[in-house]
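Number of protein chains: 4
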Amino acid sequence: MTISTRACVLHAKEDLRLDAIAVGEPGPGEVRVRIGAGGICGSDLHYYFHGGFGTVRLREPMILGHEVAGTVDAVGAGVTRVAPGDRIALNPSRPCGQCGFCLAGQANHCLDMRFYGSAMRFPHVQGAFAEALIADATQCFRVGAGISVGQAAFGEPLSVALHAVNRAGALLGKRVLVTGAGPIGSLTVAAARHAGAGEITAIDIVDATLAGAKRMGADRTINVATTPEAMAEFEKDKGYFEIVFEASGSAKAVAQAIAVAKPRATLVQIGVGGETPVPLNLLVAKEIDWRGSFRFHEEFATAVDCIASGAIDVLPLLTETVPIAEAARAFALASDRTRAIKVHLGFA
Amino acid sequence: MTISTRACVLHAKEDLRLDAIAVGEPGPGEVRVRIGAGGICGSDLHYYFHGGFGTVRLREPMILGHEVAGTVDAVGAGVTRVAPGDRIALNPSRPCGQCGFCLAGQANHCLDMRFYGSAMRFPHVQGAFAEALIADATQCFRVGAGISVGQAAFGEPLSVALHAVNRAGALLGKRVLVTGAGPIGSLTVAAARHAGAGEITAIDIVDATLAGAKRMGADRTINVATTPEAMAEFEKDKGYFEIVFEASGSAKAVAQAIAVAKPRATLVQIGVGGETPVPLNLLVAKEIDWRGSFRFHEEFATAVDCIASGAIDVLPLLTETVPIAEAARAFALASDRTRAIKVHLGFA
Amino acid sequence: MTISTRACVLHAKEDLRLDAIAVGEPGPGEVRVRIGAGGICGSDLHYYFHGGFGTVRLREPMILGHEVAGTVDAVGAGVTRVAPGDRIALNPSRPCGQCGFCLAGQANHCLDMRFYGSAMRFPHVQGAFAEALIADATQCFRVGAGISVGQAAFGEPLSVALHAVNRAGALLGKRVLVTGAGPIGSLTVAAARHAGAGEITAIDIVDATLAGAKRMGADRTINVATTPEAMAEFEKDKGYFEIVFEASGSAKAVAQAIAVAKPRATLVQIGVGGETPVPLNLLVAKEIDWRGSFRFHEEFATAVDCIASGAIDVLPLLTETVPIAEAARAFALASDRTRAIKVHLGFA
Amino acid sequence: MTISTRACVLHAKEDLRLDAIAVGEPGPGEVRVRIGAGGICGSDLHYYFHGGFGTVRLREPMILGHEVAGTVDAVGAGVTRVAPGDRIALNPSRPCGQCGFCLAGQANHCLDMRFYGSAMRFPHVQGAFAEALIADATQCFRVGAGISVGQAAFGEPLSVALHAVNRAGALLGKRVLVTGAGPIGSLTVAAARHAGAGEITAIDIVDATLAGAKRMGADRTINVATTPEAMAEFEKDKGYFEIVFEASGSAKAVAQAIAVAKPRATLVQIGVGGETPVPLNLLVAKEIDWRGSFRFHEEFATAVDCIASGAIDVLPLLTETVPIAEAARAFALASDRTRAIKVHLGFA
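Chains as they are written, first to last, in the numbering used here: chain F, 94 to 441; chain V, 94 to 441; chain Z, 94 to 441; chain U, 94 to 441.
Among the hints, a few may not be true.
If chains are identical, the list can't say which one is meant, so a pair holds when it fits in one copy or spans any two.
Heads up, simulated DSSO-like pairs for lysine-lysine below, C-alpha to C-alpha not over 30 Å straight-line [as the list claims (entries may be wrong)]: (1) K106 - K331; (2) K331 - K345; (3) K307 - K331; (4) K106 - K345; (5) K329 - K345; (6) K329 - K307; (7) K345 - K307.
What the hints contain is simulated information worked out from the structure, not anything from laboratory work.
Nothing here was measured: the structure is a model prediction, and the numbers come from that model.
Work out the full structure: start from the sequences and follow the hints.
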């Protein structure tokens, strides 16, 4: 039976509409999901406020969103992984499973990736800010009845953080710095704590954001806009931090990260940006190991486990759940770092 | 018995003098070495032509040079490692052996390093472009009588190349790119070949330099100044090279390296530079692993072994050996990439 | 001022005496420590009940013990690391700091190691089951006033567990098995939990021991003596566990570990034994990565931090603290796995 | 057009017959190959002389063989990778491409692997000692017209050796020991040399075999049957070799390998055997990293490249090419280590 639902469709910059969408029956191996909550991510904000980022541009109407969770509504033939009524987090990645990257365990680099709410390819891959959608069963991860859709919708951004931690290797007892304490930075604080980091320092330029990092387990937070001098001590003896997660994409943060990193430190770059000036001399002289971290792969399962077991509590980062009828207000709120960390859209 | 010798002392920018230096007897654990040949390195050229580099400035007269080889003249008490008459390559590094980095097997990051011919600390560490000097026995590495001092003087730059290869991890069967085919780049070609690289491409903007890389074992060389379009094919399917050695320090080469690197590629940064614009988006999206490589440590022994055994033939890179009396001409020649790859000073 | 103290000196198999020992003033860089508690370890039991293990034999009277904590009594010239009155855990390792292993960051393989209470060298290295002793300041790690000497004395065995975890690499989200749930096995459970393991199974042949592993964070415990069939499910699809810590040294456990390990699993061997039959075919066919883990190095600092911060609670493993006057009873208790996990000697 | 060919079919222990086999047209994506040469491997010998190994038993007639090369006879629809007339090495592995191991880049652990000439599954996977067969195009690797089928048939065993080297990580400048100098051991010598090993020692109990290792690049060979005392010097200072490849599967060799391995050495186990006694104490005390190495994956392409480019010359290991009509003699010869290293069957 086809059901009538609404979805948040971006038609053009700042032109987001609640369009009616008919969602049919799930086919073999498919699942129909009633979405309950969806987190607004930086890329959603870029599409909404700027119509894209870098060379990626919105060229046709696209449903936004990729951080979602909900409840299984119906399952297609052969699906045993989930059953109607199950609360699930939804993995927005659908790699091809056949290219060289997929066969090398690096599906996040799939040459034919379909990722919810992305205008990187044309036709665009429609997103998940919708009351219902059809997904592959393999995208559905049960969280248990005791977990809210709001918690479960953190599965995706927590996967990003866990992937960054995996890119860093073992953290046990290590001195960790996180630069940029937004949702990803703060979830990385939590993920690093969970992975046994010895001490965790988070820096940012907004106090409200740093308060979030503190709630997620940072031992020390520094507002480098108001107290930049606090970083000087970490430059002594060639540097202090053994692992740095750069989650801001800011050139200043990159330079600061390299300045306070110990020789042979690993610097995991999560934040994106365009051409960014980098002190090449220091990168070389300290033999920094600077690794990009892009999305996630097997970490989605780990993220859901961490949320489901209570090992990582994500709720301290949830600022507000805004009904989709007020989506415009939600996007405005989500774009204001002084007021919001993570904003969710609530689906009826 | 003290001996009278001459040394190449830089008194100021372009003011290099052959000063008389008295060299005494070696003390316990020390060795007096008659230097035979010394390679002019990029840092020597910076001191000579610019009086320093970055924030490092010549503040007192300093003997230049750190790529040297010679013959043991006399040994102090307790020295068994070498004997008078032995031909040796001289390791210009003298780490403290006691700091945290030395005790972690990372002596190239020693907090109290003394490296020949360096104005990084004051008083400066005097260099090795001298007819004789006193060294610690541990700095002396026998090369065998069949190896010339000219070959042996490549021990230091080959160590730099081998260290870069070690920073990259296993190369067996891998597709390797070397950007910048000067002495270090070309020695890195040879080192990568020696480590079993599958195929090696070298790029540069000077044909004469690329010819050197070819002689050292590159399978393919590309002049990216005259045929930049040749790189396009390597950008397909997100990138081609699994390992890149960036040996130029040029922003353009860094961008090119990232563009043709495969996702999850390792990019070893050997070349130094100041603030360099980097395409952060690509670094993240491809999850590039960008590692600085600084000097060397245990690779000095490996380099000497490779030269002594004939596993790596360094002579195709030697442009000319210039008598120290003509040092100014040697420095001018060494600074002209169209005419010279490696220039040696010859000590009588 | 010299003080009179008593120490637990083993004169021969089962001949442990409380001998009077005079302890002088600490010299430069030294610290006099009043020992508060000392854990009895498997090697202590071997000396006590068998006079040694393998080829190592007691050849002269030796103070036993290396898992100790206490209070700083006096400090020698130049000591700033600790002050009188500080509660400390005492690192029983004193590597030479000069051999190739020490300079490679592998001090646990030091060629001239002095480790408390060890008859591996002659004269033996005296142990730390004494009311007071002189240590190097570098061996002393402050735990804070809120931590008991009983907790602090777990610093050493927890270091062993943390080192094993470090040998395994990153554990984040991984399926972990611990075979042998004695003190080291159970501390490894806690260390793996702290490092973010996804799920942890502990197996043993004694229920009381497994109860300890459960208290330290195991998700699942299996008594393989009473329910060996419970392991069969883990052999499906070539194996289940991604990381195994073998803490028993039993041939049966090794075979079981390899049977349930997934291809490419890492098997960290902590438990020791003599010639042990190993199914070589499976080791090869599954490409198991079997790594020995011996003592610890930088993990001592991490262990103390984990205890001091409360990140790891070690007390669930402490069975009883027995006054040194009843040392014989303490050793008997410690050797009975059905009654005891960790037994401490209490020093007045 | 179907062609009539003969194949070496093992009907029972020592009952090998040249049976007539009809080979049809290649289907889409398939290739018909005229086999030219096939190397007899240890597993072929086990099937032939013992009817199997371990629990694997011949249960129906099976064509033996998996080390083969030949010429493309005809290609099916859509095949562009090779063309009729191409000389190729044939990869005997056909992983499923869909299981978790295949998707993790570990296809050698495929849960549904089909490997030529293996009785591990039933019906058995027929082997490649046949005048012609149908293969998937992806199994075919062109070697170039200048390479003989005899050289190309080394593609498979060389892949095994290269995989072992990859399991060891970077070898540059390292001290390497190979225990067991049969075909795999000697090819591992060559592969280690190609990967830049510093020095390579091979040990065995047969002089003729050691001579093969020498021809493949070993610096030093030791007959441990006739001069066992020669190994003593390598046990000093806890051990000498940084990397050991154990290619014999003998308990004695394993014990010897561990005795002369340096602490933290990597010991790659290639040779198979049943329950093998292992000195667990040493494995732990030296923190040996003992890694199984099983078959190969991407190394097949590397092996073919090394043979095709001349980087590794395999012919010094080829003892004789025996016509299939004399297969029984070939198997007898191949089983005699004093007379043979690698024996090939020649197909008309």
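Against the structure, the hints:
1. Taking the closest pair of Cα atoms, K106 and K331 come within 30 Å of each other only across two copies (29 Å); inside a single copy the shortest separation is 46 Å, beyond that limit.
2. Taking CA atoms no more than 30 Å apart as the test, K331 paired with K345 passes in both settings, with 19 Å inside one copy and 28 Å between copies.
3. In this assembly of identical chains, K307 and K331 lie within 30 Å of each other by CA distance solely inside one copy; the values are 27 Å within and 38 Å between copies.
4. Taking CA atoms no more than 30 Å apart as the test, K106 paired with K345 passes inside one copy only; the shortest distance there is 29 Å, against 34 Å between copies.
5. In this homomeric assembly, K329 and K345 come within 30 Å of each other (Cα to Cα) only inside a single copy, at 19 Å, whereas the closest approach across copies is 32 Å.
6. Taking the shortest Cα distances, K329 and K307 sit within 30 Å of each other inside one copy (25 Å), while across copies they are farther apart (43 Å).
7. For the homomeric pair K345 and K307, the shortest alpha-carbon distance inside one copy (22 Å) is at most 30 Å, but the shortest distance between copies (40 Å) is not.
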